[in-house]
Amino acid sequence: MTLKSKRKHNMFFTYLVIVLIGIILLYPIVWMFFATFKTNDEIFNSIKLLPKSFSFQNFIDGWNGSGKVTYATYFINTFLLVLPTVIFTIVSSCLVAYGFARFKFPGKNILFALLISTLMLPNAIIIVPRYTMFSKLGWINNYMPFYAPAILACYPFFVYMLIQFLRGIPRDLDESAYIDGCGTFRTLVSILLPLMKPALFSAALFQFLWTYNDYFNSLIFINSGSRYTISLALRLSLDSESVVNWGKLMAISFISVTPLFILFFAAQKYFVEGIATSGLKG
Amino acid sequence: MKAKTKVRTSAYRKRDYQAFLYLLPWLLGFSLLQLYPFVSSLYYSFTDYQITSEPVWAGLKNYISLFTTDTEFTNSLKVTITYTLYTVPGKLIMALAVAVFLNRNIKGINLIRTLYYIPSLFGGSVATAILWKLLFLDNGVINALLSALHLPNIQFWGNPKTALPTICALEIWQFGSSMVMFLAALKNVPADLYEAAAIDGAKPVQQFFKITIPQITPIIFFNLINQTITALQNFTSAFVITNGGPLKSTYVLGMKLYKEGFSYFKMGYASAISWVMFVIIMVVTLLLFRSSSMWVHYADE
Amino acid sequence: MKKKLLSGILAAAMVTGLLAGCGNSDNPSSQASGNADESSSASSETPAESTTPDTPPASSDEQITLRFSWWGGDERLAATLAVIDQFQDLHPNITIEAEYGSSDGYHDKLATQLQGGTAPDIIQVDPETFPQYVTGGADYFVDLNDLGFDFSNFEESYIGQQVNGRYDGHQFGIPTGLAGGAVLVNQDLADQFNIDFSKQFNWDQLLEWGRQVHEADESVYLLCTNQAYITNLIFFNMAKQLSGKTLIDQESVEFTLSEEQLVQIYSYIKALYDNNVVPPASYMAQYEGDNLQSDPNWMSGKYVCTLSYISTIEVMTAANANANYSVGMLPKLDDSKSDGYIVNCPQVLGIAKSCEHPEEAAMFLDYFFNNDTAMETLGTTRSVPPTEKARNICADKGILNPLVATAADIASSYTTGLANDKYSSLQEPKQILNDQIEAVGYAQSTPEDAAKETLNLMNNYIGNIQQ
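Protein chains in written order, with this note's numbering: chain A, 1 to 282; chain B, 283 to 583; chain C, 584 to 1050.
I should point out that these hints are in silico values taken from the structure, not numbers from a laboratory. Note that the structure is predicted; figures quoted are calculated from it, not measured.
Lysine to aspartate or glutamate pairs mimicking EDC-like chemistry, simulated, CA-CA at most 20 Å apart:
| id | chain 1 | residue 1 | chain 2 | residue 2 |
| --- | --- | --- | --- | --- |
| 1 | B | 296 | A | 172 |
| 2 | C | 782 | C | 917 |
| 3 | B | 443 | C | 871 |
| 4 | A | 108 | B | 298 |
| 5 | B | 343 | C | 1011 |
| 6 | C | 1035 | B | 352 |
| 7 | A | 136 | C | 691 |
| 8 | A | 136 | C | 939 |
Looking at chain A on its own, in the form it has when it is part of the complex (with noise of 0.2 Å):
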């Protein structure tokens, strides 16, 4: 009896905790939601987390924008540059990662080291002379600069998180799909690529998430308000030249961040796992 109303004891405790640190961690989310139907006057100098009535007109003003550009063109500018780099990055990570995985070549080890080493090159020190590079090619102000990188597999993180999973599918099935006369891009289609779903899904995922959340490659790369996407726009919101509307701000930054809800709820169990996975084998 006692000891079972000590566990019970210490169960009580354990949630209260969970809840607790649950509640510092999402207080600030559940506060922005709430504050997206307050005034400036509400959300100043109060602690009442509910506001005082639920009218969209925050979302209303903050979606429209100026006017004349919403936040759908936003939107969709952001699409356009986070889809195709999430793709172009996970085909053109998925191939080399194949090549370092599966084969023995003269110079591999020269080759691996220098793709782990570029895991730690810092973006810093690249963007000028690639600035300087892109411009000339034309490239300023359209999306081009987020797609080249992508396509030619300069995520070393994704490369290097794929290589281990494949270390991780035992080469006899490589090797009996040669015996049945598979080429290597067979192999790798046919054999590999299903057992790689879950890599696969997860890098797309921490691709788009982080592709999505950039901000300093946009400021850099993108000029024109019309391409502008959603980091750069909230920026704009944020220092409008009048009062600041926090209720507006807050909409839109409520807006900007669903899709991330979204994806990360309808796919919660590869986050989860991309994570664990990734990690462990390091």
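Given chain A, work out where chains B and C should sit, using these hints.
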């Protein structure tokens, strides 16, 4: 059949040369988009390169002024290192502590894990930077909460002592992704190790340090390196929330680089800064790798 | 799978081929390419010819895209896009692509674009950063006189100033409006504390008023201003009044302030903080840059006045619409060598050298500055309009705020002011001052130390640009 065995005896199989076909995108990408810019920026760092003219060789001048006359740079270096020392251990310790705490039979663990992960979704997005700024304004909701609890208000963004920690808090708030990694790693620790330890009479604390920690060192190591590299390059939160202020207390190296390169158009100087940043990242990574043999335990070794 | 991919690539190639074909082939293609455009182009082709008879006829067939970049808020954006639409209706063969952003980072990007040859065709530039693109060998903008631009609506005395775009007889830019410093007064509060801003007063008087106000009512400050404004409006003007020169002399490339003068200015700024004339630096840090209007204390009428710009008057009054406002004189030194203050423009528009269709770009600017409809549409979204004609149109329509008009008059009454020139307008020396002012404001540095450090950094900076 005969041909096959013959090939097999040589060092590389014929098929293996196809590897270069698969590596082609990366070989191009590596040389054009990584190596070339990398080498160019090294060259630029030894030149006077104003955006409006061609680079002119200047020897070590940029580096000398960085470390002798440019107090703003030394400040930025300090700020960046402080930021890294706050956020990386802060995030890892939080993630580890919560993961260990959750690593037991708890109903609804999946839901909890999911909910805790949510802040990590937003990464360095502008939306969260704006949210953070608003939450911690003088008349923002955090100060309103402090008032309600009869605690003194804090000028989070106005005080040079609190601005950087408040930005660090944004980063640490996103410990969920590391936590999920740790949680997965903890699940993989063989249960018989604990059983054996329990028979030997090891206390939970001892178990933690003798079994748990050693078993998950690879994942800690992975996180440590990754996050150090990211933290040293931080830009968005400092740029959007405080613009480096007040009194340059949040003026991280990323901002210094951006200002010198894209505000003052000193590409040579900016490249020198990026190279210092790179050397730091390299040294830290090498040190971690060197030391890893002492504390990282791989299961298959 | 492979087949699908291949056909996909083929399809993509065909589509791009088709598009390329549209652009290259001549007349008939325009019918094939733009079904959507057809109706609008047909309807507006004739009026376009009649309003602008001097349009080069050859260009009417060719589709031209011009890029136009500016920074600014939502109102400016809406008005500018409307003018672009009007112009495009008149000239269906010209498409103006709008590139807009916030002022933050705008010029960083512009410099890179100009250097990289990727700059927009029509560019809005801060007049203070303009010199670096058109002087000292830099040659990034077209002389508008070469394009026969019609300046008849502009007053020669205004358009002829360097800060308004004329350099050595070349008109590289067109000013978009009148700008300058302004003191916007909350008249009820000023009356309550018996302060009269309508007569010329000096800096010490301002300090004294501020001290009295905060002593009488702890919740009220005299001056709503942030660090950026202290740098731009107090430091720069006081410095000009003290020395009669700009910060760094354009000819001799020398820093023009002595250590004593620097100590004097920094001491004054320190006194502003110490006597609670302005709120604490740590408070105003949240409303830095162009965000003064978001200060809740301003919105609730806790300031007697603000020292800011003509162009911010409307924003500031809108932020607290409950108060009665007036515009005051600007503070001066008793024995000043120069008034300091000038009327310049908030931005100039110019055409980049890299522009492939300068004639058409000039046509757009002509519409932008000289067309009645455009003037009315643009209103005061780029400050008080630069031409008498536009000001009259705005006044008739009731869109020229009388406070703004008064502020422009007051600013132009300071006749011996000095515009920041080549080096004094650059961001880097300004940043040096900004940092030292911040250090003084946070009491991290004494005026003496700040003065020494300023000299040190300035000499270092000047050493670099002299090389």
